[in-house]
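K.L.:
The chain contents come next:
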Amino acid sequence: MSLDDSHLPERTISLAGRLSLTDATTLHEDLLNGVTSDAFESLKLNLSGIEYFDSSAMAVVFDIERTTKAAGKKFELTGLTEAVKGLLTLVDREKLTAPSAAKKPKPERILAQLGGGALSFLADTKAFIVFVGDAAGAMAGSFVNPRSIRWRDTLFYAERAGADALPLVGLVSLLLGLILGFQALMQLKQFGANIYAADLVGLSVVCELGPLMTCILVAGRSGSAFAAEIGTMKVNEEVDALVTMGFDPVRFLAVPRMLALTLVVPVLIVYSGFLGLLGGLIVGVGMGDLTVSGYLLESQKTIQLWDIGQGLIKGETYAVVVGLVGCMRGFQARGSAASVGQSTTSAVVTAIFLIIIVDAVLTLMFQYFGRG
Amino acid sequence: MAEATETKISATNTAPAGKRPVIVQVRDLVVRYGEATILDSVSFEIYQGEIFAILGGSGCGKSTLLRQLMGLEKPAAGNVLIDGDDITAAEGDEQEKILRKIGILFQSGALFGSMTVAENISLRLLEYSDLPQAMIDVIIRMKLSMVGLDNVEDEMPSELSGGMKKRAALARAMAMDPRILFCDEPSSGLDPIGAAELDNLLIQLNRSLGVTIVVVTHDLASISAVAHRAIMLDKSVKNIIAEGKPLDLKEHSDNPLVKNFFNRMAESGVNLKTKSGKEK
Ligand SMILES: Nc1ncnc2c1ncn2[C@@H]1O[C@H](COP(=O)(O)OP(=O)(O)O)[C@@H](O)[C@H]1O
Ligand SMILES: [Mg+2]
Numbered sequence: 001m002s003l004d005d006s007h008l009p010e011r012t013i014s015l016a017g018r019l020s021l022t023d024a025t026t027l028h029e030d031l032l033n034g035v036t037s038d039a040f041e042s043l044k045l046n047l048s049g050i051e052y053f054d055s056s057a058m059a060v061v062f063d064i065e066r067t068t069k070a071a072g073k074k075f076e077l078t079g080l081t082e083a084v085k086g087l088l089t090l091v092d093r094e095k096l097t098a099p100s101a102a103k104k105p106k107p108e109r110i111l112a113q114l115g116g117g118a119l120s121f122l123a124d125t126k127a128f129i130v131f132v133g134d135a136a137g138a139m140a141g142s143f144v145n146p147r148s149i150r151w152r153d154t155l156f157y158a159e160r161a162g163a164d165a166l167p168l169v170g171l172v173s174l175l176l177g178l179i180l181g182f183q184a185l186m187q188l189k190q191f192g193a194n195i196y197a198a199d200l201v202g203l204s205v206v207c208e209l210g211p212l213m214t215c216i217l218v219a220g221r222s223g224s225a226f227a228a229e230i231g232t233m234k235v236n237e238e239v240d241a242l243v244t245m246g247f248d249p250v251r252f253l254a255v256p257r258m259l260a261l262t263l264v265v266p267v268l269i270v271y272s273g274f275l276g277l278l279g280g281l282i283v284g285v286g287m288g289d290l291t292v293s294g295y296l297l298e299s300q301k302t303i304q305l306w307d308i309g310q311g312l313i314k315g316e317t318y319a320v321v322v323g324l325v326g327c328m329r330g331f332q333a334r335g336s337a338a339s340v341g342q343s344t345t346s347a348v349v350t351a352i353f354l355i356i357i358v359d360a361v362l363t364l365m366f367q368y369f370g371r372g
Numbered sequence: 001m002a003e004a005t006e007t008k009i010s011a012t013n014t015a016p017a018g019k020r021p022v023i024v025q026v027r028d029l030v031v032r033y034g035e036a037t038i039l040d041s042v043s044f045e046i047y048q049g050e051i052f053a054i055l056g057g058s059g060c061g062k063s064t065l066l067r068q069l070m071g072l073e074k075p076a077a078g079n080v081l082i083d084g085d086d087i088t089a090a091e092g093d094e095q096e097k098i099l100r101k102i103g104i105l106f107q108s109g110a111l112f113g114s115m116t117v118a119e120n121i122s123l124r125l126l127e128y129s130d131l132p133q134a135m136i137d138v139i140i141r142m143k144l145s146m147v148g149l150d151n152v153e154d155e156m157p158s159e160l161s162g163g164m165k166k167r168a169a170l171a172r173a174m175a176m177d178p179r180i181l182f183c184d185e186p187s188s189g190l191d192p193i194g195a196a197e198l199d200n201l202l203i204q205l206n207r208s209l210g211v212t213i214v215v216v217t218h219d220l221a222s223i224s225a226v227a228h229r230a231i232m233l234d235k236s237v238k239n240i241i242a243e244g245k246p247l248d249l250k251e252h253s254d255n256p257l258v259k260n261f262f263n264r265m266a267e268s269g270v271n272l273k274t275k276s277g278k279e280k
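Each protein sequence line maps, in turn, to chains P and S. The working numbering numbers the first residue of the first sequence as 1 and each following residue consecutively. The working numbering numbers the first residue of the second sequence as 1 and each following residue consecutively.
Same shape as in the complex, but just chain P (with noise of 0.2 Å):
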């Protein structure tokens, strides 16, 4: 590089030999350190001894000449070889090179990123609320015409949701009985009370972890392959193709997924309850000195029928909220792969996040109304 500073209005910058990725920093740093320092009216930069050049090379250039316009001054490239001509018929030099082609941080401010999340939040509200109306149009249409149902999908998915969760739901139910009844037992042996494990483990399990545990399993087995299925089918335009032959894709597609659901997570919940029940019996008879006929017999005392009850809806609640949920993801799911990718981590997010609030809702729901 060399520069020429007979006159000081304008400027010539020569460029020799080869330009590529290796030394485009530094060749990049010196020329803004050239035509930033003085003052002239207009540069020129010189190509004529250019060996190669590269892309690199050229967005120094371009980078260059937009920081020269951006202060007001004029720019002129000249002596271009044909290799740099080759590579300038690609691009748009104009628009790469206009003063407000940098690009500029967008400070987005908080309130409006907060609006836009609020704004957000109600749009995905209103869709989930228009998709729970139209999934129980559906439900209802399919009950009053039952040979409509496809059945054989049904027991697909009930296979895969209940049968296959067995392991996992029966070795983390077994292990959270485990931890309960540990940390009871610490805690009421102080007070020599060690037979009432049995009772607060009992009912955690029956009433609430155990449908929750459950249900959030399922929703991350379960809620999230049926995102999955069905955004690939809307990307896929399979979704679109069932539309155009007839048949009701909330119908075809979320009917027989969220009727699994609804007829496996009861089957799932007690079995979970037994294990959690299991756990606590392991723990207290192991060191609460308990015997296992004396803790059982605490827990059937201390164990309603609508207690059960109470889990078993719970549960069903929230089955039927994985499933719509996983489902809705689905169908929302446009235009490419990645979208399928953000459904479901959504639909197992989203079902995770109104369990909790469903719960809150029951849980306060149950303790005003339900035993009365």
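Hints were generated in silico from the structure; no laboratory data involved. Ideal placement from N, C-alpha and C gives every residue a C-beta, glycine not left out. Some clues are possibly wrong.
[As the list claims (entries may be wrong)] Chain P stretches covered by chain S per the calculated footprint, using a threshold of three residues with CB under 8 Å from any CB of chain S:
(1) 232-239
(2) 245-259
[To be verified] Derived PhoX-like pairs (lysine-lysine); straight-line CA-CA distance at most 25 Å:
(3) Lys74(S) with Lys126(P)
(4) Lys238(S) with Lys74(S)
(5) Lys95(P) with Lys235(S)
(6) Lys245(S) with Lys235(S)
(7) Lys259(S) with Lys238(S)
(8) Lys74(S) with Lys97(S)
[Stated by the list, open to error] What follows is a set of in silico ranges between Cβ atoms, one per label pair, in the way DEER data are often shown:
(9) Glu94(S) with Ala338(P): 36 to 44 Å
(10) Asn145(P) with Asn151(S): 35 to 43 Å
(11) Ala83(P) with Ser114(S): 49 to 57 Å
(12) Asp164(P) with Ser63(S): 35 to 43 Å
(13) Pro256(S) with Ala83(P): 31 to 39 Å
(14) Leu175(P) with Lys97(S): 54 to 62 Å
(15) Ser120(P) with Ser114(S): 30 to 38 Å
(16) Leu305(P) with Pro132(S): 46 to 54 Å
Starting from the known structure of chain P, fit chain S with the ligands onto it as the hints suggest.
P.N.:
Positioned in the frame of chain P, the structure of chain S with the ligands alone reads:
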């Protein structure tokens, strides 16, 4: 069996003679997505038995228009009459009645991935008829042989090659003997030979069954070889900028936008005259 009735691709596919009844009528169709207007008051007609092409650069609204013709989306204004019935206003049973007259070949094929080829083809037959399984099986094999496939009934779509998928999808689209067949970019994703074979197949179906075919495409060889008539859409005008025989559009249009479209096609190496003879 496909070889026996093979139709050679000629320079142009000539339209069936005589005045024909209108089968699709589009009147003052306006389509908007949010603020953006994509189609602004588009009107045209498609005649029974012809092969009709919808042309235009990418993003000009071809697929959008096709989705309106199939009733997949509702327009902001205007209507689409399929064989006299308005598909934009139809609901429930009436919509079903209209949909039964049309078959669709989607760009990606859109075969249901969780079903075999046979199940894909018979899905609608099982829903709308009480035919015994034996009859359905015969129909499935008939439709498959019509598109030059056999012994793929029990395959899953993922086991088929790209060209076979398109053919199987075509067989599914023809399962209910539709009067109109819509095809979105039929040659996309196929090599030139596969694309030419599919074009042949469309011509054959049109000639032997009289099915009206509506094709969205920007494959120029395809346009000229297959279509009897075409309209061209433009993004800036949001409307039809030309209508007529594909060759006339290419050679005699004064509209710079039309010329531009064909020039760009030519530049990209797809030449109307040489394509069919060129090696891959
Ligand atoms: N669902 C949609 N929501 C918003 N904009 C859309 C939607 N579908 C298509 N568009 C827009 O409509 C225009 C036309 O799209 P399209 O009909 O797919 O074009 P073509 O098929 O001619 O390439 C594009 O600008 C596209 O971004
Ligand atoms: Mg398109």
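K.L.:
Does each hint hold? Answer for all of them.
P.N.:
Results of checking the hints against the structure:
Against chain S, the region 232-239 of chain P contributes 5 residues with a C-beta closer than 8 Å to a partner C-beta. That satisfies the three-residue criterion, and the hint holds. Coverage of a stretch by a chain is defined here by at least three residues with a beta carbon nearer than 8 Å to that chain's beta carbons; for the region 245-259 of chain P and chain S the count is 3, and the condition holds. With a C-alpha separation of about 20 Å, the suggested pair lysine 74(S) and lysine 126(P) falls inside the 25 Å cut-off, and the hint holds. Between lysine 238(S) and lysine 74(S) the CA atoms are separated by roughly 17 Å; this keeps the pair inside 25 Å, and the hint holds.
For the proposed pair lysine 95(P) and lysine 235(S), the alpha carbon gap of about 22 Å is at most 25 Å, so the pair holds. About 21 Å separates the Cα atoms of lysine 245(S) and lysine 235(S), which keeps this hinted pair within 25 Å; it holds. Taking the CA atoms of lysine 259(S) and lysine 238(S), the gap is near 17 Å; set against the 25 Å cutoff, the hint holds. With a C-alpha separation of about 17 Å, the suggested pairing of lysine 74(S) with lysine 97(S) holds against the 25 Å cut-off.
Separated by about 38 Å at the C-beta atoms, glutamate 94(S) and alanine 338(P) satisfy the suggested range of 36 to 44 Å. Remark: the range hint 35 to 43 Å for asparagine 145(P) to asparagine 151(S) is upheld by a beta-carbon distance near 37 Å. Distance hint check for alanine 83(P) and serine 114(S): the Cβ-Cβ separation is about 54 Å, which falls inside the suggested range of 49 to 57 Å. Our hint of 35 to 43 Å for aspartate 164(P) and serine 63(S) holds, since their Cβ atoms are close to 39 Å apart.
For the pair proline 256(S) and alanine 83(P), the beta carbons lie near 34 Å from each other, so the given range of 31 to 39 Å is met. In this structure, leucine 175(P) and lysine 97(S) meet the distance hint of 54 to 62 Å, their C-beta atoms being roughly 58 Å apart. Taking 30 to 38 Å as the suggested C-beta distance range, the pair serine 120(P) and serine 114(S) conforms, at roughly 32 Å. Taking the beta carbon of each, leucine 305(P) and proline 132(S) are about 50 Å apart, inside 46 to 54 Å as hinted.
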